[in-house]
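Line by line, the protein sequences are chains F and G. Quick note: the first sequence uses UniProt numbering, first residue 1, plus one each step. Quick note: the second sequence uses UniProt numbering, first residue 1, plus one each step.
Hints are computed from structural coordinates only; laboratory data are not their basis. Hints are supplied without guarantee of correctness; some may be wrong.
[Claimed, not checked] Using 27 Å as the maximum straight-line C-alpha spacing, the simulated DSS-like pairs for lysine-lysine come out as follows:
hint, chain 1, residue 1, chain 2, residue 2
1, G, K126, G, K102
2, F, K47, G, K47
3, G, K47, F, K73
4, F, K77, G, K73
Okay, here's what each chain looks like letter by letter:
Number of protein chains: 2
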Amino acid sequence: MLTRIDHIGIACHDLDTTVEFYRTTYGFEVFHTEVNEEQGVREAMLKINETSDGGASYLQLLEPTREDSAVGKWLAKNGEGVHHIAFGTADVDADAAGIRDKGVRVLYEEPRIGSMGSRITFLHPKDCHGVLTELVTSAAVESPEH
Amino acid sequence: MLTRIDHIGIACHDLDTTVEFYRTTYGFEVFHTEVNEEQGVREAMLKINETSDGGASYLQLLEPTREDSAVGKWLAKNGEGVHHIAFGTADVDADAAGIRDKGVRVLYEEPRIGSMGSRITFLHPKDCHGVLTELVTSAAVESPEH
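Looking at chain F on its own, in the form it has when it is part of the complex (with noise of 0.2 Å):
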């Protein structure tokens, strides 16, 4: 079951600009940061509040580390913005098998790693009226009951 949104990922030319714009403009500060040589990233999470399932929404901000990553090519093409929204489950297996079940490209077999430890997987934006969609299970234990 998907109890939250884990956070809103925004594809930007230059991560540490967009990160002193959010510090500057909003007084949100870096909570994470990592390089992701699978997905081509290198990211920033900026925790903006907690939620009442125990987890957290967090803005993910992600600079490409090379222009044939998938945030590389999707920058080239739209420019800076909204890249994908991501919602957390404490199951990221049993929601995109179910969710495949209904029709809906699931674009990994498997779930991959995603921030933080998490594992991650996308379902295809067009079969979700054009939102790239991402289905995280947070690295902290969550209790499958909430």
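Given the coordinates of chain F, assemble chain G onto it according to the supplied hints.
Below, chain G alone, put in the same frame as chain F:
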């Protein structure tokens, strides 16, 4: 102070079809619907989670009521997808004034009425790394202390 992701605004061609997609695919139910003639949209709010500042995070599905509305023009250019993101604050007037002082263009002179009687304003996407950004104060009384 911006204390939550209030909503993600998603533009769609047909509100009923899109609501049905979110219901059958994810189990998200409609919390509220309304027509905002000033904004030129028919909209549905789907409540996803509550937030640590006493508010909540929603998906806001938006169908233009006329082609020459902001959302109608955006949809004709971009197709369905994420139209804007919104941060919640207890005091949209103070935050908008502070952000304007930092050189970011605030689109309304004074906040206008948004979903569920909230007071809203928007920041120019070209000043926000490509992200059309809304600031929202809910109609329900919010304490300025949290």
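Unmet hints by their number, sorted upward, for this structure: 3
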